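Starting from the structure of chain W, add chain Z where the hints point.
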Amino acid sequence: MLSVTNLHKTFNAGTVNEVQALRGVSFTLEDGGCTCVLGTNGSGKSTLLNAVAGAFFPDRGTIVLDGVDITLWPEYKRAQYVGRVFQNPLSGTAPDMSIAENLSLALKRGKPRGLGRGISGKLKEEFCRMVKPLNMDLEDRLDSPIGKLSGGQRQALTLLMASALKPKLLLLDEHTAALDPGTAAKVIDLTQMIVTRDRLTTLMVTHSMQQAVNMGDRILMMHQGRVAYDFKGEYKQRLKVNDLLALFEELRRKDAIDVSVATLLTNKYV
Amino acid sequence: MSILITSVIIGLILSLLALGIFISFKVFDFPDITVEGSFTLGAAFSAALIVKGVDPLSAGFIAFVGGMAAGALTGFIHTQFRINPLLSGILVMTALYSVNLHIMGRSNLPMPGSDTIFSRLGNFWETVVGPNHKMALLGWSVDSKDLLILLVSLLAVSLTGILLRWFFRTHIGTAMRATGDNAQMIRALGVNIKTMIVLGIALANGFVALSGAVLAQYQGFADVQMGIGMMVWGLASVIIGQAVVGESGVGYLIFGTILGSVLFRLLVAIALRLGMNPNDLKIITALFVFAALILPVLLKRRKGFFKRKDYA
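Going down the list, the protein sequences come from chains W and Z.
Going left to right, the first sequence walks through residues 4 to 273 as the numbering used here numbers them.
Going left to right, the second sequence walks through residues 18 to 329 as the numbering used here numbers them.
For reference, chain W alone in the conformation it holds in the complex (with noise of 0.2 Å):
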């Protein structure tokens, strides 16, 4: 269970070019749900989903993992419990390296590394069974350097990694965006298999809503760095596209209201 309590991030702090990325995020996510981030560019969905990794610490509000108050924990700490695909598909693979020493690392995710050999044939067999889901025929190319694969293959094995292990919490940060329709489509259905199938908790952000609506059981709609909305349970099941475009739709005029209605108080005023 992950627990985000009231988080705030300000960059840049005192200098002009000043971001309140996140003004108080709450919410709660129970465990084996799979809950997507929607939110406008600047909403603060990627700085949320990089303070729950650990990339940096929040000004203020605690994370809480399973009981464990994570908020102070550095990135590396915090991957024996929590796994990661990112939104480039490069991000998340040693490209030198061959596919079988990339699982193999992910095999030792949050575990003390030793003098044991990385690679051996009991190993290799295992490989094989984990990348055989994904029929992409990697089964033959395990020694290969990882570099050489396409950017959905990478994805793809990226994801494979990050939830080898089953994480306690598994983050996505639009790990489709920089993928063509197709390939994303597959990735979708791959992250769709691995979740239900070890039903991972799972957070996602996304910028696209079919992917909201078709995927997980819960939408948090972020604006302006807070939770704007939260849909669980059988509201989130009822939501479409067009609604979600809708309160999009709603809270761009909120924003013009508020800016307009400035002006002419300043105006009438000042």
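Do not take every clue at face value.
[As the list claims (entries may be wrong)] Think about it this way: if two alpha-carbon atoms lie no more than 27 Å apart in a straight line, the pair counts; the simulated DSSO-like pairs of lysine-lysine are:
no., chain 1, residue 1, chain 2, residue 2
1, W, Lys-151, W, Lys-135
2, W, Lys-171, Z, Lys-211
3, Z, Lys-317, W, Lys-114
4, W, Lys-257, W, Lys-239
5, Z, Lys-299, W, Lys-151
6, W, Lys-257, W, Lys-189
7, Z, Lys-317, W, Lys-80
8, W, Lys-243, W, Lys-271
Please keep in mind that the hints were generated in silico from the structure rather than gathered at the bench.
Values in this document were obtained by computation on a predicted structure and should not be read as measured data.
Relative to the frame of chain W, chain Z by itself:
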């Protein structure tokens, strides 16, 4: 002939330095100039300890540990205080200059007639075949003692290479390579990158210092200037090695680095023999590395250029 044998021996000794550069530059992508100080540090430890009567193997081991400490310091400065890798190395290298002078007590420390690895090998060989034993090799008469040293060096360096290959295929070694390859990924898999860099640069400088220690024992003296230009020298070896074996597995790259060191030393010996001014050695080494670094980029650009033409 004997000049060729000596070159190969020195090439093998310097291949330990090249392996160190391989670790910092190739594995971690860390331009580590500490090398120029830690190479001398190894030589200084080795010479000073042997002059005091310490066993030469222990002296080599102490040099290795000393080099690791220097490398760890560079890694620590870089990771903890976020100082640029090159600058961290320059700071430690500069400090080491004074350290080395203190260890040696003066700028050049000869150890005539002292007990070194090589004098031991020589003495052992004399008890077997007698003094000044010559032997025919490809029509040349060579001192068989030199051949023995060559063989033992080859064996020792091969063992080191095998050990290093084993290490880089263990879990921790694989994580080290991943740190240089994709830091973001390996951090997300729970590895503390700072620890890895400190460990890796320490290991690299351990090898460099060991190389300096063995070279000092071979040539019979340590000099405070002997580290100058060693980083570029090591880079040249790594680059030649890679050109010979190609961009393949870590085992091949280690083998290539050792081969590159020997080949480069031989090239230099031949060039000197053909009348190259020894003073020009460093500039030619630098030009060579420069060429090797820009050639792949230039070739790629050319290919791109031709491609554009094809499409037009």
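We went through each hint and held it up to the structure:
1. W/Lys-151 <-> W/Lys-135: 19 Å, holds
2. W/Lys-171 <-> Z/Lys-211: It holds: about 25 Å lies between the C-alpha atoms, which stays within 27 Å.
3. Z/Lys-317 <-> W/Lys-114: With Cα atoms ~41 Å apart, Z/Lys-317 and W/Lys-114 exceed 27 Å; violated.
4. W/Lys-257 <-> W/Lys-239: Answer holds: W/Lys-257 to W/Lys-239 is near 23 Å, not above 27 Å.
5. Z/Lys-299 <-> W/Lys-151: The hint is violated at about 38 Å.
6. W/Lys-257 <-> W/Lys-189: It is violated: about 37 Å lies between the C-alpha atoms, which goes past 27 Å.
7. Z/Lys-317 <-> W/Lys-80: 40 Å, violated
8. W/Lys-243 <-> W/Lys-271: Violated: W/Lys-243 and W/Lys-271 sit about 42 Å apart, past 27 Å.
The earlier numbered hints that this structure contradicts are 3, 5, 6, 7, 8.
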